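J.: Listed below, chain by chain, are the residues.
Number of protein chains: 2
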Amino acid sequence: MVQHFFYPETIAIVGATADPKKFGNTVTVNLVENENVTSKLFPINPKSSEILGLKSYPSVIDVPKEIDLAIILVPSKAVPIVVDQCIEKKVKRIVIVSAGFGEINEEGKMIQEEMARKATAEGIRIIGPNCVGIMNVDIGMNASFVITPPHGNVSMVTQSGSFGAACLYEMEWQGLGFSKFANLGNMIDVNLTDLLEFFKEDEATQVVCIYLENVVDGRRFYETLKEVTQIKPTIVLKGGRTSAGAKAASSHTGSIATDYSSLKAAVKQAGATLCESMSDYVTAIKAFSYSPLPKGNRVGLFTNSGGSAVLFSDNLDEFGLELAEFSEEFKEKIDPYVIPLVKKVIALDMIAGARGEEFYQVAKAMFEDPNIDIIVPCAVIPTFLEMEPDEHYKGAIRAWNETGRKKPILPIFMSGKLMNQVKKVAAEENAPIFMSPKEAAFAAKVLIDRKKKFQK
Amino acid sequence: MVQHFFYPETIAIVGATADPKKFGNTVTVNLVENENVTSKLFPINPKSSEILGLKSYPSVIDVPKEIDLAIILVPSKAVPIVVDQCIEKKVKRIVIVSAGFGEINEEGKMIQEEMARKATAEGIRIIGPNCVGIMNVDIGMNASFVITPPHGNVSMVTQSGSFGAACLYEMEWQGLGFSKFANLGNMIDVNLTDLLEFFKEDEATQVVCIYLENVVDGRRFYETLKEVTQIKPTIVLKGGRTSAGAKAASSHTGSIATDYSSLKAAVKQAGATLCESMSDYVTAIKAFSYSPLPKGNRVGLFTNSGGSAVLFSDNLDEFGLELAEFSEEFKEKIDPYVIPLVKKVIALDMIAGARGEEFYQVAKAMFEDPNIDIIVPCAVIPTFLEMEPDEHYKGAIRAWNETGRKKPILPIFMSGKLMNQVKKVAAEENAPIFMSPKEAAFAAKVLIDRKKKFQK
Chain C
1 MVQHFFYPET
11 IAIVGATADP
21 KKFGNTVTVN
31 LVENENVTSK
41 LFPINPKSSE
51 ILGLKSYPSV
61 IDVPKEIDLA
71 IILVPSKAVP
81 IVVDQCIEKK
91 VKRIVIVSAG
101 FGEINEEGKM
111 IQEEMARKAT
121 AEGIRIIGPN
131 CVGIMNVDIG
141 MNASFVITPP
151 HGNVSMVTQS
161 GSFGAACLYE
171 MEWQGLGFSK
181 FANLGNMIDV
191 NLTDLLEFFK
201 EDEATQVVCI
211 YLENVVDGRR
221 FYETLKEVTQ
231 IKPTIVLKGG
241 RTSAGAKAAS
251 SHTGSIATDY
261 SSLKAAVKQA
271 GATLCESMSD
281 YVTAIKAFSY
291 SPLPKGNRVG
301 LFTNSGGSAV
311 LFSDNLDEFG
321 LELAEFSEEF
331 KEKIDPYVIP
341 LVKKVIALDM
351 IAGARGEEFY
361 QVAKAMFEDP
371 NIDIIVPCAV
381 IPTFLEMEPD
391 EHYKGAIRAW
401 NETGRKKPIL
411 PIFMSGKLMN
421 QVKKVAAEEN
431 APIFMSPKEA
441 AFAAKVLIDR
451 KKKFQK
Chain A
1 MVQHFFYPET
11 IAIVGATADP
21 KKFGNTVTVN
31 LVENENVTSK
41 LFPINPKSSE
51 ILGLKSYPSV
61 IDVPKEIDLA
71 IILVPSKAVP
81 IVVDQCIEKK
91 VKRIVIVSAG
101 FGEINEEGKM
111 IQEEMARKAT
121 AEGIRIIGPN
131 CVGIMNVDIG
141 MNASFVITPP
151 HGNVSMVTQS
161 GSFGAACLYE
171 MEWQGLGFSK
181 FANLGNMIDV
191 NLTDLLEFFK
201 EDEATQVVCI
211 YLENVVDGRR
221 FYETLKEVTQ
231 IKPTIVLKGG
241 RTSAGAKAAS
251 SHTGSIATDY
261 SSLKAAVKQA
271 GATLCESMSD
281 YVTAIKAFSY
291 SPLPKGNRVG
301 LFTNSGGSAV
311 LFSDNLDEFG
321 LELAEFSEEF
331 KEKIDPYVIP
341 LVKKVIALDM
351 IAGARGEEFY
361 QVAKAMFEDP
371 NIDIIVPCAV
381 IPTFLEMEPD
391 EHYKGAIRAW
401 NETGRKKPIL
411 PIFMSGKLMN
421 QVKKVAAEEN
431 APIFMSPKEA
441 AFAAKVLIDR
451 KKKFQK
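Protein chains in written order, with our numbering: chain C, 1 to 456; chain A, 1 to 456.
Chain C with its partners taken away, still in its complex shape:
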């Protein structure tokens, strides 16, 4: 089972090195220096007896314990030998990070197929080759050369390591947390569907996201996707949608990219969330990671920026959605907190002088209003009246916290450099932040789409 890749009691790092000039170093460091790691680590390197404070062994065979997982970092020509040793050692799972196989030429394809054949015959599963690795942030295991993101409820499987890395960077910056991560590389054994099956069962995984270029087992992929999506929001982005992209993808993983129109139909039919850009992808992940599904489709917007209200209204309309109408009761409730100039109409423009306290009060009134299902606080961060850059965000999140986080909140905050301060608060509060009206409107759309599909 794929699950065993993610909960190893023992890990052999084959090609471990303390030399920061060598490729294997980052994976070694990411594993060894993670203070949360619970797995026992065995560096393998015939030239060292000790690596980063751990006893090192000449080969996996020499390790005096059973090995659950071997991470292979050695140059491509040495990989088949290491795989043979892993088979001899009865290692349970193998991740081959090393590149230089099927993505290069026919010979590489043959070599990788031979490794897969031998290993699977012994019940050993392989991820890779040509991948950045895997992680399970729950147990502090980062067997990859990507940064360790904060801990959270999102799990990702990706056919592009660098795309995964770019997403992780972006998410880490936004405080968005991960549970599992796997980059599959050339997929000589474990494939996307295997990961989906695992994510479906894995309790720590609450949001599933997939970047794919080619699907090898269409029918099984579709059936599994349908099952996962039923119980967990599942977000799909495909690279190689066009013929030009498909050509690039074939050079990238050595496989023929799956036709997009049929994949698109399948993803929609399964009820998963289809994205067509990295920005939409990260936006959808954020929406699902932080928010419960809305009860209905009525979006309440309040803002200190008239232009943003206009743009958000446009974006919402373009997605087929609408702003919530305000009840008389709601208007009365917010009356003490908005200046008389403010017209209490939908796309509530509280004007530039509105402060954090007003944001708190209006947000609270919206969370308590039975006619509003999704709350969108929106601010261009003011640099006047001695306002703090984060007071509006803090006000809105305080209202969300005090009302038990029962409705989705999609805060739009805009402001260049000052955003760093707001993002810090977002990370501390474990709350989302969106960078433009369009992002938040897209987030509302994916939440409402899922609500309509699965919670009638």
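Check each hint, because a few of them may be wrong.
Copies of the same chain look alike in the list, so a pair counts if it works inside one copy or between any two.
[What the hints assert, rightly or not] As a list, the in silico DSS-like pairs of lysine-lysine whose alpha-carbon atoms are at most 30 angstroms apart:
| hint | residue 1 | residue 2 |
| --- | --- | --- |
| 1 | Lys343 | Lys22 |
| 2 | Lys226 | Lys331 |
| 3 | Lys394 | Lys22 |
| 4 | Lys343 | Lys232 |
Because the hints were derived from the structure by calculation, they are not lab data. For clarity, every value in this text was computed on a predicted model and none was experimentally measured.
Please build the complex by placing chain A on the supplied structure of chain C, with the hints as guidance.
T.: Okay, now just chain A, sitting in the frame of chain C:
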């Protein structure tokens, strides 16, 4: 002429205050504390004799010099009196920042119309009311409550102050410089077309950008837009594209939003660049601000990230564009700088180990190649092999600099927190940076569109 708003020798700040708790303070500070300001400043406040080190006067009438420009910051009910005093003083131009007029009710509409009538009868032009102000970064004049951006070649006229502020924040963060900025508010006199006419003639303005909600003089706007666009790239974003957005816009500026389908047709016909989101808008501004127009439409991509190459190829294809084919000569030239694993095909994937020096060499080969018109270096910033987060960016920009910046460069760099370091280099080098494959593909599209339209 509108030009006089932007080159005043003397400015009266009516409602100037040193109290940071008051609204007028930010405008006062932005004007007085800008060390580059060349205009002579006269704070007006009946309750002070000195403000921020400058002698203050009870009213404009008391100033012992001619006043070219008056910035009005006093509460709405006092504005008509101040305007009368400005007329008496024969002030040449007035910017009314104060809100509380036509955007509020019919009475406000009448009051603002009366002010406009009186002033224009005396040849005095008015910008506002209900606006964040204007700036001319060339002469250090920031008569607005928005931050002062770096100095550059972009001029913006916007019907939403906060949208303008959000763009300025974002651009400042990215090191993108401004020349002129004007937020028009309720447009009781000076309108979008007036600003366009000015930007057309203004030498420091090389890129024109417009955010609009309603156009009051359709035919004249169209004719002027057509003239400006002929000589300067002109970027248009409209708020209130949908009926929901139009409703929000009407609440925002007190005017009826212009129908989008006819505006869209007019903008395209004029040859301007139409955007439909803030992200596209900033992307287009960046593209035109830094880059010469390309000679042709052949886009050369190189990257350390296979997935990004796939996504960029998709984006390009979706915009109807194509990657450049590589000549044998080009392949030979780059051969020493890419490892043997790298296939020298379009969407050049140099694999994760590629360093700044290789980025430099490959970029240089592309700049020197007559078959490549636009160069796109793309990196997911590596955190291994002791690489510096900015070495790839620096390498690409070095090649751009050494080849005389004759071709557009559209660098895609992805990496969360580490981006701050790369952005700093971009600002120092006065060079662009794009955050995703889609952004850079859109930038290529707008450059190529303009090239096709105006440089056959």
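J.: Are the hints correct? Go through all of them and say.
T.: Hints versus structure:
Taking CA atoms no more than 30 angstroms apart as the test, Lys343 paired with Lys22 passes between copies only; the shortest distance there is 23 angstroms, against 63 angstroms inside one copy. Proximity of Lys226 to Lys331 under the C-alpha cut-off of 30 angstroms is found in neither arrangement, the shortest distances being 43 angstroms within a copy and 45 angstroms between copies. With identical chains, the CA atoms of Lys394 and Lys22 are at most 30 angstroms apart between copies only, with a shortest distance of 23 angstroms across copies and 44 angstroms within one. In this assembly of identical chains, the alpha carbons of Lys343 and Lys232 never lie at most 30 angstroms apart, being 40 angstroms within a copy and 39 angstroms across copies at closest.
Hint compliance for this structure: hints 2, 4 are broken, all remaining hints hold.
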